[in-house]
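Enquirer: If you're matching them up, the sequences are chains D and U in order.
Following the working numbering, the numbering of the first sequence begins with 1 at its first residue and continues without gaps.
Following the working numbering, the numbering of the second sequence begins with 1 at its first residue and continues without gaps.
If you are wondering where the hints come from, they were derived from the structure by calculation, not from laboratory data.
Each hint should be verified, as a subset may be incorrect.
Since the list can't tell identical chains apart, any single copy or any two copies may satisfy a pair.
[Said to hold, decoys possible] Here are the simulated PhoX-like pairs of lysine-lysine, each with C-alpha atoms no more than 25 Å apart in a straight line: (1) K438 with K171; (2) K143 with K177; (3) K297 with K32; (4) K236 with K298; (5) K236 with K88; (6) K88 with K297; (7) K58 with K438; (8) K438 with K203; (9) K203 with K177; (10) K101 with K58; (11) K101 with K171; (12) K58 with K203; (13) K178 with K298; (14) K32 with K298; (15) K2 with K236; (16) K2 with K298; (17) K143 with K178; (18) K101 with K4; (19) K2 with K203; (20) K58 with K177.
These figures come from a predicted structure and were not determined experimentally.
2 protein chains.
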Amino acid sequence: MKEKVDIIVRGEYILTMTDAEEPIHDGAVVIKDTSIVDVGPEEAITERYDARRYIGGKGCAVIPGLVNTHTHAAMVYFRGLADDLPLKEWLEGHIWPAEQKFLGYDFVRDATELACLEMLSSGITLFNDMYFFEDASADAIRKAGMRAVLGTGILDFPTVAASTMDEYFEKAEEFIKKYRDDELIKPSVAPHAPYTCSPETYKRAIRLAERYDVTVHTHLSETRWEVEEIGRRYGKSPVRHLESHGLLNERIVAAHCVWPDEEEIEILASRGVSVSHCLESNLKLSSGIAPVTDMLKKGVRVTFGTDGAASNNDLDIISEMSTAAKLHKAVSGDPTALSARDALLMATRWGAQALGLGERLGSIEAGKLADLVVINLSHPHLVPLYDIYSHIVYSAKSSDVETVIVNGRVVLNGGDSPNLDREEIFYKAGQWAERISKNS
Amino acid sequence: MKEKVDIIVRGEYILTMTDAEEPIHDGAVVIKDTSIVDVGPEEAITERYDARRYIGGKGCAVIPGLVNTHTHAAMVYFRGLADDLPLKEWLEGHIWPAEQKFLGYDFVRDATELACLEMLSSGITLFNDMYFFEDASADAIRKAGMRAVLGTGILDFPTVAASTMDEYFEKAEEFIKKYRDDELIKPSVAPHAPYTCSPETYKRAIRLAERYDVTVHTHLSETRWEVEEIGRRYGKSPVRHLESHGLLNERIVAAHCVWPDEEEIEILASRGVSVSHCLESNLKLSSGIAPVTDMLKKGVRVTFGTDGAASNNDLDIISEMSTAAKLHKAVSGDPTALSARDALLMATRWGAQALGLGERLGSIEAGKLADLVVINLSHPHLVPLYDIYSHIVYSAKSSDVETVIVNGRVVLNGGDSPNLDREEIFYKAGQWAERISKNS
Numbered sequence: 001m002k003e004k005v006d007i008i009v010r011g012e013y014i015l016t017m018t019d020a021e022e023p024i025h026d027g028a029v030v031i032k033d034t035s036i037v038d039v040g041p042e043e044a045i046t047e048r049y050d051a052r053r054y055i056g057g058k059g060c061a062v063i064p065g066l067v068n069t070h071t072h073a074a075m076v077y078f079r080g081l082a083d084d085l086p087l088k089e090w091l092e093g094h095i096w097p098a099e100q101k102f103l104g105y106d107f108v109r110d111a112t113e114l115a116c117l118e119m120l121s122s123g124i125t126l127f128n129d130m131y132f133f134e135d136a137s138a139d140a141i142r143k144a145g146m147r148a149v150l151g152t153g154i155l156d157f158p159t160v161a162a163s164t165m166d167e168y169f170e171k172a173e174e175f176i177k178k179y180r181d182d183e184l185i186k187p188s189v190a191p192h193a194p195y196t197c198s199p200e201t202y203k204r205a206i207r208l209a210e211r212y213d214v215t216v217h218t219h220l221s222e223t224r225w226e227v228e229e230i231g232r233r234y235g236k237s238p239v240r241h242l243e244s245h246g247l248l249n250e251r252i253v254a255a256h257c258v259w260p261d262e263e264e265i266e267i268l269a270s271r272g273v274s275v276s277h278c279l280e281s282n283l284k285l286s287s288g289i290a291p292v293t294d295m296l297k298k299g300v301r302v303t304f305g306t307d308g309a310a311s312n313n314d315l316d317i318i319s320e321m322s323t324a325a326k327l328h329k330a331v332s333g334d335p336t337a338l339s340a341r342d343a344l345l346m347a348t349r350w351g352a353q354a355l356g357l358g359e360r361l362g363s364i365e366a367g368k369l370a371d372l373v374v375i376n377l378s379h380p381h382l383v384p385l386y387d388i389y390s391h392i393v394y395s396a397k398s399s400d401v402e403t404v405i406v407n408g409r410v411v412l413n414g415g416d417s418p419n420l421d422r423e424e425i426f427y428k429a430g431q432w433a434e435r436i437s438k439n440s
Numbered sequence: 001m002k003e004k005v006d007i008i009v010r011g012e013y014i015l016t017m018t019d020a021e022e023p024i025h026d027g028a029v030v031i032k033d034t035s036i037v038d039v040g041p042e043e044a045i046t047e048r049y050d051a052r053r054y055i056g057g058k059g060c061a062v063i064p065g066l067v068n069t070h071t072h073a074a075m076v077y078f079r080g081l082a083d084d085l086p087l088k089e090w091l092e093g094h095i096w097p098a099e100q101k102f103l104g105y106d107f108v109r110d111a112t113e114l115a116c117l118e119m120l121s122s123g124i125t126l127f128n129d130m131y132f133f134e135d136a137s138a139d140a141i142r143k144a145g146m147r148a149v150l151g152t153g154i155l156d157f158p159t160v161a162a163s164t165m166d167e168y169f170e171k172a173e174e175f176i177k178k179y180r181d182d183e184l185i186k187p188s189v190a191p192h193a194p195y196t197c198s199p200e201t202y203k204r205a206i207r208l209a210e211r212y213d214v215t216v217h218t219h220l221s222e223t224r225w226e227v228e229e230i231g232r233r234y235g236k237s238p239v240r241h242l243e244s245h246g247l248l249n250e251r252i253v254a255a256h257c258v259w260p261d262e263e264e265i266e267i268l269a270s271r272g273v274s275v276s277h278c279l280e281s282n283l284k285l286s287s288g289i290a291p292v293t294d295m296l297k298k299g300v301r302v303t304f305g306t307d308g309a310a311s312n313n314d315l316d317i318i319s320e321m322s323t324a325a326k327l328h329k330a331v332s333g334d335p336t337a338l339s340a341r342d343a344l345l346m347a348t349r350w351g352a353q354a355l356g357l358g359e360r361l362g363s364i365e366a367g368k369l370a371d372l373v374v375i376n377l378s379h380p381h382l383v384p385l386y387d388i389y390s391h392i393v394y395s396a397k398s399s400d401v402e403t404v405i406v407n408g409r410v411v412l413n414g415g416d417s418p419n420l421d422r423e424e425i426f427y428k429a430g431q432w433a434e435r436i437s438k439n440s
């Protein structure tokens, strides 16, 4: 008697991203309820299991869901609002005024639905978000059926989120309590950056995160301006500054880290800080190029983030992998730097680990939660095929993503989401954009 | 009475890439036979013309066909054959042995069909090719119905193409005579590079090109190794070396130009040399980053090339534009460097000019040949829309290309080509790859 299961996902290549020998050729992944219960050669799997639904097959590759470790999802509504501008003019003249005027529950919920549709379409199943009105984000994300780690930005001055430091932290604690047992949403604490948060704010954030065993999401060493500003204020560069106050540990997901020097890279490695490399945003805003090859060599866990779509201008981890795996070869002068498989590890297993979810997510193995992406290889740009890792990183486009499964449920198939209304999302985006345009 | 025409292409945005005010909102392009006969607001156009076929409409952008100014199309069969390796090991251990063993008429024809399908799918209508068995390339390209400028590589040693210098040049002249009046194919002369061609070979190539009024396609200043090697041999850097022999003029399309110094950039500008910027290949092979911002400032005509898919690993000008427009902001430290519209000019009008075809191609205006690309904007990553140039360059993917018209004929629609058999192309690629794998 065959065992009844929910879904069998078949692939000409299964990229488990485990330390076992891989890829599995002509393999299959068995899903029961929310979890992966078996992985192996298709023949052996189909002898033992009978599924309600079969997905994938010849001409497909199956990879773990991609992890976006730094974004501001709702900023999709500012995509392309202002480009090719100096950072100060971009922020102060366009983005901040638009945020001031429009941010609210509805804006964030509607925008995050669009962001979820975009991320699912490009194979992202889990993202790490820092913004405002994160309750609204959570609503959109649960509706989409995808996963996220959410934290409301904490800054040393009043914003739409709170007026006092106590209010920021009361709300953060409330948010943690509300979501800590959620199946798809994980809360985090999100002190914005060293130039907007005092060491006391960071301390309080880390204490709160420790109390509830959640992650801390922050920006760190993004621009030369930040390095200079933190130097002026504290006499130290940003990583050393946080280190000197004992604020760095393995809970921290630090976005950007464009400007750490050699010693600071060693600090990040020894403290177990995870770095979210946001290459396309760093390039487009002219922030610089993070020393990824050095960070990897010294043992820093580097992962990929898209940052917000206002500075990227998309939410596409496949494109980040491709750009990074090529660019760091030129920057380091070493054509063997950042191999295709390492780039895919950064985008999957290491990403899940960075967000404190490595035990249950990030690779394809029995016992893990079923977050999978099926990639259709039958496209001219993926022919012929010698090395599947090379193809996924250097040749695939996010449009090759065919099916996405999160928590054992099919949440995207052939570009369509069973949970999200594409036409309604586009319509609402158009309506919001009209209002935003008139204001800017 | 309305005038009967062949095709009317409608677009919510028509990006003419002319110096006239643009984009045209809710516009239309009128095609009769091979040419554009009118462009303007849709209302005015539909009052005056009646077309056999209507293409595009709301939610579409229409741009000129993209121009790939440097590739080795048939190398698609080596895509992903060997990655993440030092250049010498990649070339000598993998690419050259495979070429030695497999290159021939059938290989190049079959591989070029795949390359044409890939390029059309990503909106490329015209490419500049340097390889061997260019007669085979021409057969595939004419079958696909796209345009190319083709030149057989000339080197100072025997290759599959010829055994002696006289044979190279006799064949080159024969090829020019055969194709110079072709509707879709233009011949060029292709001395390979300063390190494989003596100044005498370049002189002879330029004389031949002048005799028949065709372009010269060469590699120039691609790697540090080349700069050192040319320095050892001739006591000069590559651009100065060619300049000192009077070999630089406006016929030259120079691929790469990663390492020209300030003075060499001025030489390229004053001689009217066109540069093909092959960013993704330069990154992946760790060749370096070309000084594009400086070249543009000094008036060099910079265009985009994909190089061969063995070092990229795709043939995608939309991706090159996006990577370049972001990267050069970071490299130059100036977030206003390389604007989206300039990137699109490089990929269209300037590309056509570089290939000597600027009079008839590269922009959307009455009297030009009808090479057009329709981009579907109804995708989550293109919503909302504030600035169409920003979207095409920073957010669009080549998979958003919906319809491609070359010479007034629809050559791609919804991913399918009326002239190319996708399944047969994939099957042949698989067969060739199997043989190549066994050999390597």
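Enquirer: None of the hints should be skipped; say for each whether it holds.
Expert: Now for the hints, and whether the structure bears them out:
Taking the shortest Cα distances, K438 and K171 never come within 25 Å of each other, neither inside one copy (33 Å) nor across copies (62 Å). For a Cα distance limit of 25 Å, the shortest separation of K143 from K177 inside one copy, 20 Å, qualifies, whereas the shortest one across copies, 64 Å, does not. In the homo-oligomer, the alpha carbons of K297 and K32 never lie at most 25 Å apart, since the shortest distance is 39 Å inside one protomer and 60 Å across protomers. In the homo-oligomer, the alpha carbons of K236 and K298 lie at most 25 Å apart inside one protomer (22 Å), although the nearest pairing across protomers, at 40 Å, exceeds that limit.
With identical chains, the CA atoms of K236 and K88 are at most 25 Å apart within one copy only, with a shortest distance of 23 Å there and 43 Å across copies. Taking the shortest alpha-carbon separations for K88 and K297, only the inter-copy value of 24 Å comes in at or below 25 Å, while the best intra-copy value is 34 Å. Taking the shortest Cα distances, K58 and K438 sit within 25 Å of each other only across copies (22 Å), while inside one copy they are farther apart (50 Å). Within a single copy, K438 and K203 get their C-alpha atoms no closer than 41 Å, and across copies no closer than 60 Å, so neither meets the 25 Å cut-off.
Within a single copy, K203 and K177 get their C-alpha atoms as close as 20 Å, which meets the 25 Å cut-off; across copies the closest is 77 Å, which misses it. In the homo-oligomer, the alpha carbons of K101 and K58 never lie at most 25 Å apart, since the shortest distance is 51 Å inside one protomer and 30 Å across protomers. For the identical chains of this complex, K101 and K171 are intra-copy neighbours only, at 22 Å inside a copy versus 68 Å across copies, given an alpha-carbon limit of 25 Å. Taking the shortest Cα distances, K58 and K203 never come within 25 Å of each other, neither inside one copy (52 Å) nor across copies (53 Å).
Taking the shortest alpha-carbon separations for K178 and K298, neither the intra-copy value of 38 Å nor the inter-copy value of 59 Å comes in at or below 25 Å. Proximity of K32 to K298 under the C-alpha cut-off of 25 Å is found in neither arrangement, the shortest distances being 39 Å within a copy and 63 Å between copies. Proximity of K2 to K236 under the C-alpha cut-off of 25 Å is found in neither arrangement, the shortest distances being 64 Å within a copy and 74 Å between copies. In this assembly of identical chains, K2 and K298 lie within 25 Å of each other by CA distance neither inside one copy nor across copies; the values are 48 Å within and 72 Å between.
Taking identical chains as interchangeable, the C-alpha atoms of K143 and K178 lie at most 25 Å apart only when both belong to the same chain, with a minimum of 17 Å there against 62 Å between chains. Taking CA atoms no more than 25 Å apart as the test, K101 paired with K4 passes in neither setting, with 54 Å inside one copy and 51 Å between copies. In this assembly of identical chains, K2 and K203 lie within 25 Å of each other by CA distance neither inside one copy nor across copies; the values are 55 Å within and 75 Å between. In the homo-oligomer, the alpha carbons of K58 and K177 never lie at most 25 Å apart, since the shortest distance is 45 Å inside one protomer and 47 Å across protomers.
Violated hints, listed in ascending order, are 1, 3, 8, 10, 12, 13, 14, 15, 16, 18, 19, 20; each of the other numbered hints is respected by the structure.
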